[in-house]
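Engineer: What follows is each chain in one-letter form.
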Amino acid sequence: MNCQNPIDAAILADYWLGVMTEPEEERVELHLLACDACGERLREVIALGEGVRRLARAGSLRMVVSESFLRRAAEEGLRVREYAPPTGGGVACTVTAEDDILIGRLAVNLRNAGRVDLSICDERGIEQSRMRDIPVDSEASSVVYQESITFAKAMPDNKMIARLITVDAAGGERLLGEYLFNHTRSMPGPGV
Amino acid sequence: MDVELDDAELVRRIGAGTGREAEAELFHRLAPRIRLYGLRHLRNAAAAEDLAQNVMITTIEALRAGRLREPEKLVSFVLGTCRMTVLELRRGGQRKERLLERFGADMLAPVQPAMPRVDEEKLRRCVQNLSERERAVVVLTFYDERTGADLARFLGVSEANVRVIRHRAIHGLRQCMGVAA
Numbered sequence: 007m008n009c010q011n012p013i014d015a016a017i018l019a020d021y022w023l024g025v026m027t028e029p030e031e032e033r034v035e036l037h038l039l040a041c042d043a044c045g046e047r048l049r050e051v052i053a054l055g056e057g058v059r060r061l062a063r064a065g066s067l068r069m070v071v072s073e074s075f076l077r078r079a080a081e082e083g084l085r086v087r088e089y090a091p092p093t094g095g096g097v098a099c100t101v102t103a104e105d106d107i108l109i110g111r112l113a114v115n116l117r118n119a120g121r122v123d124l125s126i127c128d129e130r131g132i133e134q135s136r137m138r139d140i141p142v143d144s145e146a147s148s149v150v151y152q153e154s155i156t157f158a159k160a161m162p163d164n165k166m167i168a169r170l171i172t173v174d175a176a177g178g179e180r181l182l183g184e185y186l187f188n189h190t191r192s193m194p195g196p197g198v
Numbered sequence: 018m019d020v021e022l023d024d025a026e027l028v029r030r031i032g033a034g035t036g037r038e039a040e041a042e043l044f045h046r047l048a049p050r051i052r053l054y055g056l057r058h059l060r061n062a063a064a065a066e067d068l069a070q071n072v073m074i075t076t077i078e079a080l081r082a083g084r085l086r087e088p089e090k091l092v093s094f095v096l097g098t099c100r101m102t103v104l105e106l107r108r109g110g111q112r113k114e115r116l117l118e119r120f121g122a123d124m125l126a127p128v129q130p131a132m133p134r135v136d137e138e139k140l141r142r143c144v145q146n147l148s149e150r151e152r153a154v155v156v157l158t159f160y161d162e163r164t165g166a167d168l169a170r171f172l173g174v175s176e177a178n179v180r181v182i183r184h185r186a187i188h189g190l191r192q193c194m195g196v197a198a
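Protein sequence lines correspond, in order, to chains L and P. The first sequence runs 7 to 198 under my numbering. The second sequence runs 18 to 198 under my numbering.
It is worth saying that the hints were derived from the structure and are not from the lab. Even glycine gets a Cβ: it sits at the ideal position worked out from N, Cα and C. Check the hints yourself; a few may be wrong.
Claimed, not checked - Footprint (simulated), chain P over chain L, 3 or more residues, beta carbon under 8 angstroms:
| hint | region |
| --- | --- |
| 1 | 22-34 |
| 2 | 66-74 |
| 3 | 125-134 |
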């Protein structure tokens, strides 16, 4: 299966997602009806997309999500456990075997914030990881953070501090909000 | 077939009435491609299979009757037939059973190349290693089926930028998964 003029995988993803103009789509379809190599590449893209979809449903990704993501999860019958600590405050939290998605809703004023990072710290406030340049809607009043449910289900009792930080062009940082998650393990396993 | 003929030659043989073997070969070539078209437009494997069978029946009937005057235009003809048949399938117009009576089950045997298998743990690591924005775009695109304007608002960027981020993420994921970009 060789193709003299292969269609890029990202363009095939656009095709699969239905985000092309009609002439673009027609060009791709005429090619695909004559080319098995690009058809195979499209199958790879579809499989990749389906894999991402399954990962999202499994709640195993640590990431910032949108409100529409949460709506979709609820529509699909996923059980979403959500905690919403106030800015500068904390919340007692846990996760059970029935939960599918674990959310921390971090209240924050994002007006005039440029780049925003989410710093995950231990109970002493020492940074363990940082999510740089997270997607934020400046009109929103919170950042919706998804913790990996797989990780949380295996986690022993612990305290985690999340910090939202805005970073300016010169690298200067300003704290937007700090949130304490006081996790108690409610599932059997090591570390209880 | 002993010697691989191009599509146009298959069309000529079918039109000349000497092409039972050519019909089978054309079906073998085109059905998986049509099925992909069906997956894209119908989002359902069984419906895509029905589409492939319906389109091939219509195409072979047309070729037998010599209705395709320019064999080189086979792909355009098939695409047009795909579009019409998708509309008919959505209306529930054609019945598979009727087609089976007319053409026999052998000719209409499903042709389903398997989807590539994905190592999900590796994919999880690859998705997690994307930048925050790239991860958000691929997850929200493939899971939540959000495109353009919604994602642009969520990310605070233009729709054109969302496309750039999505393309970068797709390339990054494929590279991380070990397939050619």
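Engineer: Hint by hint, say whether it matches the structure.
Structural biologist: Hints and how they fare:
{"no.": "1", "hint": "22-34", "in the structure": "holds (count 5)"}
{"no.": "2", "hint": "66-74", "in the structure": "holds (count 8)"}
{"no.": "3", "hint": "125-134", "in the structure": "violated (count 0)"}
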